[in-house]
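J.: Start from the sequences, fold in the hints, and give me the full structure.
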Amino acid sequence: MWWQWGAAICIIAFLVLIGLAIRFAYMAILALRHAETVLDSMQQQVRQTAESTECLVLVSTEVMRDLQGKMQAVDAWFAAAEESGEAVQRVSRSVKAVSLSIENTALEARKALHSHRDTANDLLELTAAGLQLWHRLQASRLMKSKE
1 MWWQWGAAIC IIAFLVLIGL AIRFAYMAIL ALRHAETVLD SMQQQVRQTA
51 ESTECLVLVS TEVMRDLQGK MQAVDAWFAA AEESGEAVQR VSRSVKAVSL
101 SIENTALEAR KALHSHRDTA NDLLELTAAG LQLWHRLQAS RLMKSKE
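Residue 17 in the working numbering sits at position 17 of the sequence shown, with consecutive numbering throughout.
Note that these hints are calculated values from the structure, not bench results. Everything numeric in this text was worked out from a predicted model, so none of it was measured. Where a beta carbon is used, it is the ideal one built from N, C-alpha and C, also for glycine. Please note that a few of the clues may not be correct.
Stated by the list, open to error - Lysine to aspartate or glutamate pairs mimicking EDC-like chemistry, simulated, CA-CA at most 20 Å apart:
(1) K96 with E86
(2) K96 with E108
(3) K70 with E51
(4) K111 with D122
Claimed, not checked - Just the calculated beta-carbon pair ranges, DEER-fashion:
(5) E86 with E54: 27 to 37 Å
(6) T119 with E83: 48 to 58 Å
(7) S52 with A81: 40 to 50 Å
(8) Q72 with Q48: 48 to 58 Å
T.: The following block contains the structure:
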């Protein structure tokens, strides 16, 4: 009879062991299902992150292209400003040269005017002397003709 009790205890222990194994298997299945949902959720988040990253890369590329275009436009402005500066410098040199030329011409004109003024004074004196001589000649002719 002890062996029957021993066999019964062994059977009960075996049944408890099988129950625990079934419970462990059921818990493992639940844990695997939970892990699968978590993995699906993570996969979805990774997919969304990848799409957001791709969108961000596209927007960044567009911004960089726009920035590059604006930088080229700014480069063109700086080139134009440099050319304008050079043109202003050339105009300044030309104005300086014209100013110097006008100043030299004015000095020469002043000298010529003084020289011509002296000549004009001499011409007026000679004209006055010539007129006096003419009047005297006329007066002497009148006197000769009266005599």
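J.: Against each hint, give a clear statement of whether it holds in the structure.
T.: How the hints compare with the structure:
With a CA separation close to 15 Å, the supplied pair K96 and E86 stays within the 20 Å bound. Taking the CA atoms of K96 and E108, the gap is about 18 Å. The hint holds against a cut of 20 Å. Of the pairs offered as hints, the one joining K70 and E51 is violated, with about 28 Å between alpha carbons and a cut-off of 20 Å exceeded. Pair hint K111 plus D122 holds up; C-alpha atoms about 17 Å apart against a cutoff of 20 Å.
Remark: the range hint 27 to 37 Å for E86 to E54 is contradicted by a beta-carbon distance near 48 Å. T119 and E83 have their C-beta atoms about 52 Å apart, which keeps the hinted 48 to 58 Å range intact. A beta carbon spacing of about 42 Å between S52 and A81 agrees with the range 40 to 50 Å that was offered as a hint. Checked against the hint of 48 to 58 Å, the C-beta distance between Q72 and Q48 comes to roughly 36 Å, which is inconsistent with it.
Hint compliance for this structure: hints 3, 5 and 8 are not met, and every other hint is.
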